[in-house]
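Enquirer: This is what each chain is made of:
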Amino acid sequence: MANSSEPADKSSSLPPNLSDDKIDLIAKDGANFWIDQGFTWLVYTFAVITVAVLLVMSWVIFHEAQPAVVKFGIGFLWGQDWDTGNQIFGALPYIYGTLVSSAIAILFAIPIGIAIALVTSEKFLPLSVQTALAFIIELIAAIPSVIIGLWSIFIFIPVLEPLQKWLASNFKWIALFNSEDPIGTNMLTAGIILAIMILPTMAAITRDVLLAIPKELRSAAMALGSTRWETIFRILLPAGFSGIVSAAMLALGRALGETMAVTMVIGNSAQISASLLDPAYTIPSVLANEFAEAEPGLHIGALSYLGLILFGLTLAVNIGAVLLVQWFSRKNKY
Amino acid sequence: MSGYQNSEINESIASDLYRPLPIKRLLFTYGMNAIAFALTGLVLIPLLSILWEIIQRGISGLKPEMFVKSVIDYGFGNAILGTITIVGIASLLSIPVGILTGIFLAEFGQSNLIARFVRMITTILTGVPSIVVGVFAYGVIVLVTKGFSAIAGGFALAVIMLPVIVLTTEEALKLIPTDQRLASAALGGTRFQTTFRIVVTAAIPGITTGILLAVARAAGETAPLLFTALFSLDWSTGLLTPTASLPVLIFNLYNDPDPQKSQLVWTTSIVLLGLVFCISLLSRLIINKTKTK
Chain A
0 MANSSEPADK SSSLPPNLSD DKIDLIAKDG ANFWIDQGFT WLVYTFAVIT VAVLLVMSWV
60 IFHEAQPAVV KFGIGFLWGQ DWDTGNQIFG ALPYIYGTLV SSAIAILFAI PIGIAIALVT
120 SEKFLPLSVQ TALAFIIELI AAIPSVIIGL WSIFIFIPVL EPLQKWLASN FKWIALFNSE
180 DPIGTNMLTA GIILAIMILP TMAAITRDVL LAIPKELRSA AMALGSTRWE TIFRILLPAG
240 FSGIVSAAML ALGRALGETM AVTMVIGNSA QISASLLDPA YTIPSVLANE FAEAEPGLHI
300 GALSYLGLIL FGLTLAVNIG AVLLVQWFSR KNKY
Chain B
0 MSGYQNSEIN ESIASDLYRP LPIKRLLFTY GMNAIAFALT GLVLIPLLSI LWEIIQRGIS
60 GLKPEMFVKS VIDYGFGNAI LGTITIVGIA SLLSIPVGIL TGIFLAEFGQ SNLIARFVRM
120 ITTILTGVPS IVVGVFAYGV IVLVTKGFSA IAGGFALAVI MLPVIVLTTE EALKLIPTDQ
180 RLASAALGGT RFQTTFRIVV TAAIPGITTG ILLAVARAAG ETAPLLFTAL FSLDWSTGLL
240 TPTASLPVLI FNLYNDPDPQ KSQLVWTTSI VLLGLVFCIS LLSRLIINKT KTK
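From first to last, the protein sequence lines are chains A and B. Numbering that gives the first Met the number 0 applies: residue 0 is where the first sequence begins, and numbers increase by one. Numbering that gives the first Met the number 0 applies: residue 0 is where the second sequence begins, and numbers increase by one.
If a hint is listed, it holds; no wrong ones were tucked in.
Computed Cβ-Cβ distance ranges for the label pairs, DEER-style:
id	chain 1	residue 1	chain 2	residue 2	range
1	A	S127	B	A182	31 to 39 Å
2	A	T226	B	A185	53 to 61 Å
3	A	P295	B	T236	18 to 26 Å
4	A	K171	B	W51	32 to 40 Å
5	B	N32	A	I173	30 to 38 Å
6	A	S218	B	N32	17 to 25 Å
7	B	T200	A	L76	49 to 57 Å
8	A	R233	B	A201	43 to 51 Å
Calculated directly from the structure, the hints in this document are not laboratory data. Idealized CB from N, CA, C, for every residue including glycine.
Work the whole structure out from these sequences, hints included.
Expert: See the structure below:
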C-alpha cells in the first residue's frame, strides 16, 4: 500500500536510484536471460490465476444458477414460497433472515468492538496486559464456526432461553418480542452468536485505526484539559470515523456469509416474522442444509441463485469497505 | 511540589491546578471506564466458557484408540485422515499460486495498475463467504467428476486459503530492505536469483506464518465441505470418494440420539480446537521470533 500512493517527491533527498520504487533488476541478455524471462512470465501467470479464481467463480455460480434465473427471473428476489416438491422457489425469507440476523449482529458488535479496541489501545492497562487481551480476543476468530455452534446449542441457548421467555411474556406489546412461546433457536440468538463471531474483526480493525491516529491530536486535547473520555469522544472517534465504518462493513460482510453457527441456532424455518424471537432462515443456512441432497436441475439452480445473491451482497459490502479504506488512507496522509 | 508550598500565591495556583474535576465530568470518566471494561469482560465470558465446556465434556472420552478407529466404531481416525488429506490437497494447490502471486505483488507489480487490480481482487476474495466457495467447487469439480470427493473439498479449501497466503507473502516480502535486492543485483544476480536466493529466503518466516494461518483457517472450515467432500462414516477408499473431516463430523452428529456419538462430538471438538489453536499459536510464535531479531 505504502508504495502505491506515496508521492514521488517525498524521498527526493535520497540519491535518485534509491528513491525510485521501480528499480529495474532484469538482465537484458546473458546466460540467465531466459530463466529470468521465464520466471517473469511464470509470476505473471500465477497472478492472473489468482484473479481468474474470482472471475471464474462468479461465472460458474451464475452458470449453475441458470435454470432458476431463466424460470423465475428477478421475481425470485421477492418470491416467498420454497416448495421443493412443486419446484416453486422464492428467496425473500432467506434474504430477510440473512439481512436481519447480520443487522442484529452488527448492532451488538459496533459498541462492544469499539470498547474492546479502546481498552486494548488507549493505555488503560499495562502494555503486556493490553497485548495479551488483544491476543485472547483474536483467539475467538480462530475457533471453528461449527464449535461455536455446538457451544451455543448446548450451553448458550439454555442460559438465554429464560430471558427470551421473560421478554416474550412481559413485552408482548413490542412487535419485536411478540412470540407465543419462544424456544431458544431463533433470530435473536443467531444475531448474538454472529455478534460474538464478528467481534474480533471489528475490534482488531478499529484498534489499528485508533493506533494510527497521530499522538499530537491526543496530546493537544489532553493539554486543553480534556479527560481521557472527552478526548476519545471528541477527538479520537471522529478522527477514526471512516476507519471504524469500514471495520463495521468488513464485519458485516463476515456476518452475512457466516454459515455453520447460524444454521445450528436460527431454527431453520423460512418465514418472515417481525418478532426476533421467532425462528428464521438464512441464505448460507439453506445452502448448508439442502445443497448436498438437492436434485440437479431447478432445485440446485435455485440454491445456486441464492448463492449468487449472497455473493453479490457480500461483494458489494466488501468492495465498499475496500474503497472506503483506500479513501481513508489517502485522506489521512499526515 | 514542595516549591509551591513556599509562597502563598503559588499555593493558590497549585490548588487551582489540582482542583478535582466537576462531579459531572468525573462521573462521566468513571462511568465510561466501567462500561468499556464491562463490555470487554463480557466478550471473555463466551470464549472461556467455550474452552471450559469443551474440555470438561470431551476429555473423559478422549482415548488413544479413537485415533485409529473410524466413526462407525466411535472413533475419529477417518475424520482426522480426511481432514489431513483435504487440507493437504488444498495446500498443494494454493501454496504455489499464493506465493508466486505474492512475489508478483511485492517484487514485480508494486505500484502499477495491474498490481493494484490483483491486490484488490485478492482482498475481495478474502471476503467471499466460504459457502459460496463451496458452490463454486461443486460446479467445477463435483459436477465434472460426478461425485463428492476429497479433491472437490480440497479445491474449495484452496480457494479459501489462497488470498490469505497471497497477502501475507506480500507483507513478508515488503519487509525485506531494498538494499539487499540491490546488493544481489550488483553482484550480478539475475532477478530470478535475487528473488529466490535472497528475498524469499529472508522472508521464509513471514511466508510460513501466512501458510500456517491459512491452514488453521482451512482446517476449521465446515460449510464448503458439506457438499464437496460430503462425509463418510468409514475410511474413505480414494481421493474421488466422499471423505470425512473433523468439522463435518461435529455438524453431522451433534444431534445424534446415540449418547456415544454425542460424546464423540465433544471429543472431536477438543481435537479440532487443539489442532487449530496449536497452528495459530505456532504462527504467532514465528511472528514474535522474527520481530525480536
